[in-house]
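Those sequence lines, one after another, are chains A and B. To convert, note that position 297 of the first sequence is 1120 in my numbering; the numbers rise steadily by one, no gaps. To convert, note that position 258 of the second sequence is 1081 in my numbering; the numbers rise steadily by one, no gaps.
Treat the hints with care, as some may be off.
The list makes no distinction among identical chains, and a pair is therefore deemed to hold if it is satisfied within one copy or across any two copies.
Lysine-lysine pairs mimicking BS3-like chemistry, simulated, CA-CA at most 25 Å apart [to be verified]:
#, residue 1, residue 2
1, Lys1233, Lys831
2, Lys902, Lys831
3, Lys1078, Lys902
4, Lys1007, Lys1257
5, Lys1270, Lys851
6, Lys841, Lys831
7, Lys1233, Lys902
8, Lys1078, Lys826
9, Lys951, Lys917
10, Lys917, Lys956
11, Lys851, Lys1274
12, Lys831, Lys1078
13, Lys1181, Lys1131
14, Lys1225, Lys917
15, Lys853, Lys1107
16, Lys1111, Lys1233
By construction, these hints were calculated from the structure, which means they are not laboratory data.
2 protein chains.
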Amino acid sequence: MKKEIPYKIYLSEAELPKAWCNLRAFMKDKPAPLLDGATLQPITLETLSKIFCKELAAQELNDVDKYIEIPQEVRDFYKMYRPAPLIRAYCLEKALGTPAKIYYKFEGNNTSGSHKLNSAIAQAYYAKQEGLKGVTTETGAGQWGTALSMACAYFGLDCQVFMVKCSYEQKPFRREVMRTYGAKVTPSPSQSTEVGRKILHEFPNTPGSLGCAISEAVETASKTDGYRYALGSVLNQVLLHQSVIGLETKTALDKYGEKADIIIGCAGGGSNLGGLIAPFMAEKLQGKADYRFIAVEPASCPTLTRGKYAYDYCDTGKVCPLSKMYTLGSGFMPAASHAGGLRYHGMTSTLSKLYDDKLMEARSVEQTKVFEAAEYFARIEGILPAPESSHAIRVAIDEAMKCKETGEEKTIVFGLTGTGYFDMMSYEKFHDGKMTDYIPTDGEIEKALAKLPKI
Amino acid sequence: MKKEIPYKIYLSEAELPKAWCNLRAFMKDKPAPLLDGATLQPITLETLSKIFCKELAAQELNDVDKYIEIPQEVRDFYKMYRPAPLIRAYCLEKALGTPAKIYYKFEGNNTSGSHKLNSAIAQAYYAKQEGLKGVTTETGAGQWGTALSMACAYFGLDCQVFMVKCSYEQKPFRREVMRTYGAKVTPSPSQSTEVGRKILHEFPNTPGSLGCAISEAVETASKTDGYRYALGSVLNQVLLHQSVIGLETKTALDKYGEKADIIIGCAGGGSNLGGLIAPFMAEKLQGKADYRFIAVEPASCPTLTRGKYAYDYCDTGKVCPLSKMYTLGSGFMPAASHAGGLRYHGMTSTLSKLYDDKLMEARSVEQTKVFEAAEYFARIEGILPAPESSHAIRVAIDEAMKCKETGEEKTIVFGLTGTGYFDMMSYEKFHDGKMTDYIPTDGEIEKALAKLPKI
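Next up, chain A with everything else stripped away, as it sits in the complex (with noise of 0.2 Å):
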């Protein structure tokens, strides 16, 4: 007889996992490497080890390691806030009246607000093994910058966080809770570095994307002595960090003899699909179970559905080394939607790969969308989902009505990766009917992709 299945799945401490899942070591048909954007040749260690620390520099280039195993500091800390509860959904399928199961893995419970903690501890900790004195980092929403911060803090390391201006304006609190954990943040574009300079010469009312903050947050940390830089996000390094969520979900999961059809995720850089799928996409790759994976991006941005699959810069100053991913082009600049974490021209190479390989799907959503289907989650499973998290229970609602339509039971597993309470005007808007949906035109998106690099 099958368990009875509660409402919130917690593992034990001794259930939790002890090594990352590196997804990319299980792919025969790796992604294509990143490349030196001055030599444009495979980017070396070496280099790599000017931007980031050195542990983290070979965790970015290992794709042959299946298992990595997590140092006993960074355990120590996930236990203060982890194991994240699988949650089943059971007020949702009733308030749907679907046949599907659907369960949700919640990463909202800590300060943070999100998954972002997960690699945030992480990179901290190799950069106090390393004995460095800080590092720098961009925020998009504000969750990766309290994420680092907080781990910054624990630590003993100095954080500088460039956060995206249209999110430091419309979230006006989250500066102040990276204070609290003694970061200091400067609104990006920002006249402290030449790139910020550069891109507010050519655009003075840019409302600053993830893209060009990362590039203002790399200048900083190259030309800091015993500094480094940090990202929350597109990194292998960040999505093997983040494996820790899709390991949980599969321990919870195997524990009750459930199996998964369809794995849903929001996706800006992709870290936290990444780290969602890591462990059911290697039973995929090895022939061992099935699984549908979708990839839900905003309308506004929509890198899978509508970029193209070439080599790119990953920041907008084009300071960081070039990726061959899905993207917009890197002067693609998102309009100023509510997902700001979402914000990004480009996909994680590992994804991009992915999808390229038809392994799995993408999905763009208008955002007007996302926040019914936000609030009607909110009223009914009762947690207050951040917008980006939001972009996954608009399609899992969707695949849930479905089978009810098609009567099948399927097993719906969704990414709930944050909270919404920094996020308050972004619903007033929504209340007020003031938010409105914008999709870039076919125009746009070639005039930006027309400046991909020639590789």
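Add chain B to chain A, keeping to what the hints say.
Positioned in the frame of chain A, the structure of chain B alone reads:
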């Protein structure tokens, strides 16, 4: 051999309480009864049922049944956000270098951001059972209003919230969260009630207070068909529902063979503290075990430490029954401190009686010292605490430091009632060095106490 204690103890669904613990039923010397304002006689079930729905009125008067079953629908809702974790503060212990063992029961992992949801869902359930259209209420810091909004959304009830004006202004996004759950929010005092207009006439620039918002909510409920009033603290029924906090805490400690020495909680109206201590105090009253209990209140509103034990009105407008309690006088207008949830002139009658009988201690602390503790705690334990909750953190740290001096290995348990995500304006003041302390003079308190009803 003792089991190894994890960072976080989560009970299983099967271990969740099936009945609330009614602390008063364990007391030989009962708290004095509520008095009817019109007759000055003990209030009857009939009269009380005009304010509260019947089942809640019955719970309010029940000092006989030691345990009261939790309805299945309420238990199902509890499963959506409970069990709340009991967290072993390993990192804090290490940072303080104390031999004390520190535990905290964290109630912030739900959208209301606090323990308030425990009673909100019970009150909404009984209102729905009785066929009401909706409920009215007051809210200070906003947690209670959010909690009741969530509970009403779940059961399809209308919800009207009077929010203390200074909190309404300090926490602009709280209103939007309540709106997400469909509630109507009015800053108090308002022009929409008789009592509100009267108070505004007398004190045009008042920042408002809980006592005054209560009066407006009660008046609105009594004048609207199909509505009753719901209150988030002070009442016996609320302490009853909040006993889930203490019951879970005790089960978790017992499971690991731990015995608390000191139990600490912040106290505004007393609901969190009353709930936390319920099963422990029940043991103490039966001579089964001994504990020290410490109520922590703001120095700006020192109800227990500087108030008088006497019959007083529960609200500024004197529309509620009278309660024998520690009070600063219903006319006392507390300074607009940053712990809106603790700005209440009185204290629940049960805790007042226990304090008067010397079964519990009390301590008052200044808000700058509270924010120092809050920030320290956030950086070490990760969780960003609410200012209210941080009162308990302050005293827990103080007690742990005493253990460091004496070398005693005491076990300290405190209630971490909620998160501070909506308190960033207060944190900002603290960071900028602009936060001041306000301690009422003896003259101010005497003046308010002089107006106590002569009973």
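Problem - Hints that the structure is at odds with (numbers, increasing) - result: 5, 11
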